Amino acid sequence: MLKFTARRALLALIILILAVSLLFAMIHMMPGDPASVILGPKASPALKAELSQRMGLDQPLLVQLSRFYADLARGDLGVDVFSDREVSDIVFEQLPYTLALVLTAIGGATLLGVPLGCFSAIRRNSLLDRVTAVMSVAFIAVPSFVVALYLLLLLAVKLRWFPAMGAGADGDVADQARHLVLPAIALGLGWVGYIARLVRASMLEVMEDNHIRTARAFGLPERTIIVHYALRIAILPTVTILGLGIGSMLSGALFAEIVFSRPGIGKLLHEAVITRNYPVVMGSVLVTTAFFVLSTFVSDIINAALDPRLRESGKSS
Amino acid sequence: MGTKKKSGPYQIDRRDFLRQSTLAGLAIAGSLPNVSWAVLGDQLHIRNYQDISTLDPPFTISGAESIVFKAIFQNLLQFKSDGTWDTELDAAEYFEAIDDIHYAFRLKRGQIFSNGSGEMTADDVKFSFERIIDPDMHAINAPDMGTLSHVEVHDRYSGTIVLKSPYAAFIPIAAATYPILSREAVTSVGGRFGVRPPCCSGPYLFRDWQAKRKTILEKNPNWKGPEAAFDEIHIYAMTDAKAAEMAFEAGQLDCAEITVESVGPFEKNMPPDSFLEVHPSGRNFWLGMNQTNPALEDLRVRRAIQYAVDVAAVVEATWFGLAKPAYGPIPRGMLGCRERTLIPAKGDAGKARALLKEAGIELPLRLRLDVNSDALELTAVQVIQWSLKKVGIEVDIHTQDNSTFLTMGQEETGEQWQDMQLFMMSFIGSADPYYSLVWFTSKQLGQWNWERFSDEEFDRLNDLALATSDAAERDRMYQRMQDIMEESGCYRFISNGVMPQIVRKTIRPRFSPDGYAMLRGFRPAKQQS
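Going down the list, the protein sequences come from chains A and B. Be aware that the first sequence starts at 1, since it is given in this note's numbering, and climbs by one per residue. Be aware that the second sequence starts at 1, since it is given in this note's numbering, and climbs by one per residue.
Calculated directly from the structure, the hints in this document are not laboratory data. As the structure is a computational prediction, the values presented were derived from the model and not from experiment. Glycine included, each C-beta is placed from N, C-alpha and C at the ideal position. Hints may be right or wrong, so weigh each one.
What the simulated footprint calls covered on chain A by chain B, stretch by stretch (three residues with Cβ under 8 Å from a Cβ of chain B suffice, anywhere in the stretch; the number is not a length) [claimed, not checked]:
(1) 2-9
(2) 162-170
(3) 251-263
In silico DSS-like pairs for lysine-lysine, Cα to Cα no more than 30 Å straight-line [unchecked claim]:
(4) K42(A) - K80(B)
(5) K164(B) - K48(A)
(6) K48(A) - K443(B)
(7) K242(B) - K158(A)
(8) K48(A) - K126(B)
(9) K42(A) - K164(B)
(10) K526(B) - K158(A)
(11) K42(A) - K443(B)
The task is simple: from the sequences and hints, build the whole structure.
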C-alpha cells in the first residue's frame, strides 16, 4: 500500500507541474496588456513600463515560468498588482469559503445519492425506483444556475427562510451554515442524481455476482450482504467520480459564488482573469489545480484501500 | 437484481420512506426562522459594484473606492449633495483662488483624525497633496493633480496651494476629490497603505474590510459636522447586479444599483416599501471610427456612417427609454455640454446614401465593428448594425473580452490597431469637462485616441480651456471642441447612459450627478438633513 501511495503521489506531483505550466502559458498568451488594464487611462507609458517590469512581463515566457516556480519553492506566490497584498494571503483567505461550499455540496449529494441508489437497486422497478430515476435525470439535466435562481426566488426572496447573499458573519457557525444551504443545494443537486444512478447501476451489477449468490446461499443477513459484500465493491466507481467531482466543483463553484454573492476562489479567479491580474490568477489556478489533483489522489487511495486488487495491479477503478 | 425479501434494517417500504421524508422536511422547515432579513434601523446596507482594492488616494482606480473614501475622509472641498457639480467647503473653512496658480485655504479647527493621529493641520494638506505628485510614489493618480507645484504652510491651519501654471480643473478634480490624510498616521505605516487606512476624519470611520464581501464603516464619534445618520454602513462588493436585485428583494439591502432592463419589471412589480431613482451616469458611449484605416479615410464615408446611425433607436433599445442621446462626451449638467449635436439623433439615411454615392463607394460596404462583451454595448452595436445595413453597409461585429478590447487600439501592444475600423467605446468621465476630452488630443494618438483624430485647433483649445479660469470662456471652448470632433466624422456620440437605483423607502439617498452613492448624504427617511 505504501509503494502504491508513493507511486500515486509522484504521479500527482507530475500532473500538477504539467497542468500548472500549461495553464501558465495559456494565461500569459491571452491577448490584453495587463499594465494598460490595471493602471487605466491615467497611467503614463513610463508607469506602464514600470509595472510590466515589476510583474516580470518584459521577460520571455520561459523565464517568467522558471521565476514562478523559483518563487513558489520559497513559498512566495507574488503580490496582487491592485492592492499590493500577498497573493497567498488573498488566495487562502478565499479558499475556505469555496472548500466549505464544495465539501458541503458533495457531502450532501453523497449522503442522499448513495442511499437512494442502493434503495433503487434493492427495490428495482418499484415505484420509488422509478421516481428516483425520473428525479435523478431531472436533477442532472437542469443546469445548476437555474436551480440556484429558483432556490433564491423561492426560499430567499419569497419565503425568506434563507439569506440571499453573503457567507455569514465571521465566527458565527450557525449563520455561516445558513448561508451555505442554498448554494450547496444548487451546486450539489445534480450530483445527487448522478451518484444515485451510478450507485444503482453498480449495485445491480454486483448483486448479480457469484459471491453475492453464495453469501445468500449461506444465509447471511441481507444487511451484511449489501453493506459488506455489495456496496463495498459497488461504491468504487463512485469514489473515483467523487474525486473528480470535487475538482470540477472547485471551478464550478463560480456560478454559486456569483449568484449568491459569496466570496470564494472561483470568483477571485474570474475577476483576476478579467483584469489580467496574473499573480492572483496563477495563485488561484495553482491552488485549485492542487486540490483537483489531491482529490483524485485521495480517491485512488480510498479505492485501493477498499479493493486490494487495485494495489496489486497499480490501477484505479 | 431487485428483491422483495423483507429483513434487516432495510425494511423501509415506500410509505415509510415518504412519511419519514415528509416528517424530516417539515421538521427542518419548522425549525427555520421565517424571518425578514430586513436591515436594522441604525444600519445602512448598500451595494458597491465591485470590491475596493485600496483606499490610499494616490492609487485608487475606481468609483467603488471613492464611494467609500468620501465617507471616511475629508477633502478641502466637497461636491454638494444636490445633484450638481457645485462644490462647498469640507475640511476648509476658507478656500479662495488668489490668482490662476495660487489657492489659499484655512482649515476648520478641531478636526480630529482617528486612531490618535491628532488634529488636522495645514501640514497634513501639504503632505497629502505632495505625496501624490512625488515621483518616487509612482502614483497612478498623479495626473489628476495637474500642474501642482507644492503647498506652502503658513501656520497650523492655513496655507497656499501653488501651481506651476494655470490648471482650471484643480478644484473639481483635485481639491474636491483627494482627501487629507494625517502625515503622522501614514508615515507610521511606511508611507502608503492598502484597504485599511491608518486614520480617518470623515463622518464615518473605517471599521473592517472583508475581501470580496464587504466594507464596514461606523459612526465617527469625533466628527464635528452634521451627525452621521447611521451607526454602521455595510458596503457589499457585488459585481453581479442581478444578484444584488435578488438580495434587495430578499430584504438584505437598502439600496442597490440595478440593471436598466430590470427597471421596467420593478416598476410593474415594485417590492414593498421601495422606490426607483434613475440617475444619468458619467459614462460616455460613442461609436468611434479609425480614420487611418483605408476603408474610412474618406471623410464622406465617415459622415455617411454618422448620418446612418439612428442614435435615438440605439438609445431606446439599449436603455429602454431611460437614457437620452448624448450631445457629446461632456454630459448634461456639466460646463461645456452642448445643447445639440450637429447631426440629429435620428440621423438621415437619405443623406448617408447620398454621401456614400458621392464618395463612389460600391455597396455593400463591409466593415468590422469591435466591441467589448458588455451587455449594454452589445445591444447598442446590434442596433447600429441594423441602422448601417439600411444604407448598404454590412457590419461584422467582433466581440472581445474587456481586457483584450482595452488594448486593441494601443500601438504599444501590437499592430492590430491598424485593422480596427468601427468600435463601440465607453469611458467614465470625471467632475470636469477637461477629463472628458483630453483623451482625444494628438498627444493621445496611439494610446486612447483610437480614432487617430488629430486637429490643431482642438489641441490648442484643450490647452487654453485648462489654462483659463473664466467659466463662460471654458464653456464656449469645450463646446467648440465637441463640434470639431463631430465635424471630423470620427465620432457618433451615443449616450451618457443611466445608473438606476432601487432604494428602500426607509432611506433618503443622495447620489452624485454621475450616479454614485454619496454616503454622507444618506439619511433615514424620517430624519431631516
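Going through the hints against the structure:
{"no.": "1", "hint": "2-9", "in the structure": "violated (count 0)"}
{"no.": "2", "hint": "162-170", "in the structure": "holds (count 7)"}
{"no.": "3", "hint": "251-263", "in the structure": "holds (count 5)"}
{"no.": "4", "hint": "K42(A) - K80(B)", "in the structure": "holds (26 Å)"}
{"no.": "5", "hint": "K164(B) - K48(A)", "in the structure": "holds (25 Å)"}
{"no.": "6", "hint": "K48(A) - K443(B)", "in the structure": "holds (16 Å)"}
{"no.": "7", "hint": "K242(B) - K158(A)", "in the structure": "holds (16 Å)"}
{"no.": "8", "hint": "K48(A) - K126(B)", "in the structure": "holds (27 Å)"}
{"no.": "9", "hint": "K42(A) - K164(B)", "in the structure": "holds (20 Å)"}
{"no.": "10", "hint": "K526(B) - K158(A)", "in the structure": "holds (28 Å)"}
{"no.": "11", "hint": "K42(A) - K443(B)", "in the structure": "holds (13 Å)"}
Hint check: a violation occurs at hint 1 only; the rest are consistent with the structure.
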